[in-house]
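Listed below, chain by chain, are the residues.
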Amino acid sequence: MRNRVREQRTQRGLSQAELAAALGVSRQTVISIESGRYLPSLPLAFTIARFFDLTVDKMFDPDDEEAGA
Amino acid sequence: MMPFIPPRLRKPAGIALAGAVFAAAWLVRDGSLWWVAILAVIAAAARAVSWYRMGGRDTDEGALAASQADERQQLVSLQSRALACNLAAVAAFIGLTVAIAVKAAWWWPFLVILAVTGFGYLLGLSSYGEPDADDDADAEQPERSPIQS
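Chains A and B are the protein sequences, given in the same order.
Numbered continuously in my numbering, the first sequence closes out at residue 129.
Numbered continuously in my numbering, the second sequence closes out at residue 406.
Here chain B stands alone, though its shape is the one from the complex (with noise of 0.2 Å):
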């Protein structure tokens, strides 16, 4: 992904580029609120820059800053992800339960965030598991031997 940038420039980028879409949504919402977008792009460039950094580091953290994790830390990594993701289907639950027992009118983005971390699961499930085969099922592919040239 992104091989026209270098490995320690690609999160900055898309953290400087996603504050910046950030930015433009406030503009869009309303002129008069240009400050909030001017302090959003304040943040993301602060927060690019400490990125930016951070990679640097001899650390686990540096590395998966600088998109240079070995497969040590892209495990490590996807660990922190599935996790962050699990806590979050609990939070989302939690404050579903919670929007719904004081009648609340703000119940449905919990319920979003649920949906969403489901799917996300038996999507991970269907895209990465081994599909479903007979035994052998690949025996009717012609096998070469190594026997024949």
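Chain A on its own, in the form it takes in the complex (with noise of 0.2 Å):
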């Protein structure tokens, strides 16, 4: 599932501990998601398209098989 959690980020100016700072997560969840290699649960993918700005859609793409932004 591709995911536009980096393209958001690094379009703020924001490092990985600071957006994991402001999400309530650690740095290497960050990483994990950024990377594909981890789906975030519903709650926390609401929080992280909340504070994008965006919908959960929009930030995360289950049609593209491919991980990472």
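For the record, the hints were derived by calculation from the structure and aren't laboratory data.
On a predicted model such as this, the values are computed, not experimentally measured, just so you know.
The beta carbon of each residue, even a glycine, is placed where N, CA and C say it ideally should be.
Treat each hint with caution, since some may be false.
Said to hold, decoys possible - What follows is a set of in silico ranges between Cβ atoms, one per label pair, in the way DEER data are often shown: (1) Asp391(B) <-> Gly84(A): 37 to 47 Å; (2) Trp292(B) <-> Thr70(A): 56 to 66 Å; (3) Gly84(A) <-> Ala270(B): 23 to 33 Å; (4) Met61(A) <-> Ala282(B): 46 to 56 Å; (5) Leu102(A) <-> Ala372(B): 51 to 61 Å; (6) Ala303(B) <-> Pro122(A): 43 to 53 Å.
Take the two lone chains, each set in its own frame, and fit them into one complex as the hints suggest.
Spelled out as structure tokens, the structure:
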């Protein structure tokens, strides 16, 4: 599943640690989500989407099997 | 669990407590083996300190040691514990098989471990699985309409 976390984060000039702190998760989890190795839970997916002012389906694309941004 | 203890101290405290209980067992067994009890306390204290130090690291292991794991880290911990349980069950089965083959008297601890892992698995299924229910089983409960005040 492709996601736009890295793209949105870099657009806003945030580091992985800063995004992790804002989302209440670890930096390692942000790295895993960005690389597509970890699919976040539904609550975390909503938290991420809301943080970037996007909808969940804009943030995470289930039709694209390729991981990462 | 243990909300009165700061998260980073919870696992070290558990290790220290386990070490104290283990040391007490040596004292109860034989008072002349007090030095083994002291060794156990020292080992537990060293392990507790190392876990406390690990809790300060910016890693998955550090977050778990500090009892501050997020959802992915909790999943990693769960998977690791499941793997450990699987390995324990396989090792117990091998041990039981070998003990039976050599007619050893120490076969039963392996059987106990196998039984506990099997029982734990069934307990987990019954605790965490969705109970088998008919379709719309909860339809009997009065449903509150969102348009009713």
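Consistency of the hints with the structure:
Judged by the Cβ atoms, the range 37 to 47 Å given for Asp391(B) and Gly84(A) holds: they are separated by roughly 39 Å. Distance hint check: the CB atoms of Trp292(B) and Thr70(A) are about 60 Å apart, consistent with the given range 56 to 66 Å. At roughly 25 Å, the beta-carbon separation of Gly84(A) and Ala270(B) lies within the given 23 to 33 Å, and the hint holds. Between Met61(A) and Ala282(B) the C-beta distance comes to about 51 Å, which sits within the given range of 46 to 56 Å.
The hinted range of 51 to 61 Å is not satisfied by Leu102(A) and Ala372(B), whose Cβ atoms lie roughly 37 Å apart. The beta-carbon spacing between Ala303(B) and Pro122(A), approximately 49 Å, falls within the hinted interval of 43 to 53 Å.
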